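Novice: Same order as they appear, the protein sequences are chains A and B. Under our numbering, the first residue of the first sequence carries the number 1, and numbering increases by one thereafter. Under our numbering, the first residue of the second sequence carries the number 216, and numbering increases by one thereafter.
These are computed hints drawn from the structure, not numbers from a lab. What you are looking at is a predicted structure, and each value in this text was computed from that prediction instead of being measured. We put the beta carbon where it would ideally sit given N, CA and C, even for glycine. No incorrect hints appear here.
Part of the chain A face toward chain B, derived, beta carbon under 10 Å:
#, residue
1, Val28
2, Asn49
3, Ile64
4, Gly67
5, Thr68
6, Ala72
7, Ile75
8, Gly191
9, Phe196
10, Leu207
11, Tyr209
In silico negatives: residues of chain B with every beta carbon more than 10 Å from chain A:
#, residue
12, Arg277
13, Thr307
14, Asn309
15, Trp310
16, Phe311
17, Gly312
With a straight-line cut-off of 30 Å between C-alpha atoms, the simulated DSBU-like cross-links for lysine-lysine are:
#, chain 1, residue 1, chain 2, residue 2
18, A, Lys173, B, Lys225
19, A, Lys94, A, Lys173
20, B, Lys225, A, Lys94
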Amino acid sequence: MSDLSIVRAHQFDDIEQQHDASWIGMWVFLGTEVMFFGGMFTGYTLYRNAYPQAFASASNHLDIWLGTINTAVLICSSFTMALAVRSAQLGERKPIINFLLLTILLGAVFLGIKFTEYYFKFEEHLVPGAAFNYEASLARPAEIFFSFYFAMTGMHALHMIIGIGLLTVLIIKARRGRFSAVYHTPVELVGLYWHFVDIVWIFLFPLLYLVGRHL
Amino acid sequence: MSSGHVLSVKLYAVIFGSLIALTLTTTGVAFMDLGRGLNAVIALAIAVLKALLVILYFMHARYSSRLTWVFAGAGFFWLMILIGGTMDDFLTRNWFGTLG
Numbered sequence: 001m002s003d004l005s006i007v008r009a010h011q012f013d014d015i016e017q018q019h020d021a022s023w024i025g026m027w028v029f030l031g032t033e034v035m036f037f038g039g040m041f042t043g044y045t046l047y048r049n050a051y052p053q054a055f056a057s058a059s060n061h062l063d064i065w066l067g068t069i070n071t072a073v074l075i076c077s078s079f080t081m082a083l084a085v086r087s088a089q090l091g092e093r094k095p096i097i098n099f100l101l102l103t104i105l106l107g108a109v110f111l112g113i114k115f116t117e118y119y120f121k122f123e124e125h126l127v128p129g130a131a132f133n134y135e136a137s138l139a140r141p142a143e144i145f146f147s148f149y150f151a152m153t154g155m156h157a158l159h160m161i162i163g164i165g166l167l168t169v170l171i172i173k174a175r176r177g178r179f180s181a182v183y184h185t186p187v188e189l190v191g192l193y194w195h196f197v198d199i200v201w202i203f204l205f206p207l208l209y210l211v212g213r214h215l
Numbered sequence: 216m217s218s219g220h221v222l223s224v225k226l227y228a229v230i231f232g233s234l235i236a237l238t239l240t241t242t243g244v245a246f247m248d249l250g251r252g253l254n255a256v257i258a259l260a261i262a263v264l265k266a267l268l269v270i271l272y273f274m275h276a277r278y279s280s281r282l283t284w285v286f287a288g289a290g291f292f293w294l295m296i297l298i299g300g301t302m303d304d305f306l307t308r309n310w311f312g313t314l315g
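In isolation and in its complexed conformation, chain B is listed as follows:
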């Protein structure tokens, strides 16, 4: 379990450096016009990657029990339902010319 796992300062420093590098990357990419909505996709992909690094290492999820994974994953799973369910309604209105 997590309390038994003491991670090295070096590992924390590598994660920290990666997070700072990804932050500078996402700001830099924001100044380029990639077109076709690609800017938003890349910005969100980098955000997901940063969040995963924080969850897996800073929050020790990688070294936690399977039960912890279930509880941690549940929140994000229901968030996907919330956003997915809402957007698939709004984005598909008027597809067939009927009143939304």
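This is chain A alone, in the form it adopts within the complex:
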């Protein structure tokens, strides 16, 4: 068990305690992330309640099928991430790298579709600002909807980009043989982060793409 002492920081009694501390620490961080996105979700709820017709109208300008496909892509990436963590738990080096690469690929597909949607919105003059163009009676509140749309999906996309960066670091570490069945905490914690970002999208998808279709 010599490799235990290599990876255990001196302030911990044993590897189990060190692992539990990291695990709890990650959940604390995710709690702050819930609050971060929660502010935007609260703002959305408030304004949707104030302008239900405009929000429904604006929501119908989003492509429900691109939204559905992207939701499926993100769920696939969570599945491959879960399998990467499983391979790490079993100490299988090659599958960890392959599953992490697949996760990055699916994350990139999600971002590609997302930015294509952004492009369409620019073309259609639906980006808030001087060029925003909408039927006059609903224009102001519809602009609020698209402000929420870009702020929320934009922050979500930023989290995805950070996640892809973290996955890249994991792949480099895995290639150097830094993870084993005994020590693979970073893989688990990045997994938690990736699944959390998936959950944010699970709520963004119905709120932005679906609930406007029928009030």
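Following the hints, position chain B against chain A.
Specialist: Same frame as chain A, now just chain B:
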């Protein structure tokens, strides 16, 4: 603790299949007009169910310590206060005809 629990590929695949099925269901339901705000209720109920599947299995919360549950639950508990506290103000303004 979580690192000791290796879940089977089959279980992950079942959760994955359920999440995809729920995604198709929520998109399908969006095309039906259920009226009385029921569309939003069902869309959000499905989202909560999907989030629970991800948290419990993909994030291993079901196999984690009670302490993890407290920390994981705290974020969502405070989110409920944030949204609940804000909405109970805005939704109850003008109930008695006073200026909001």
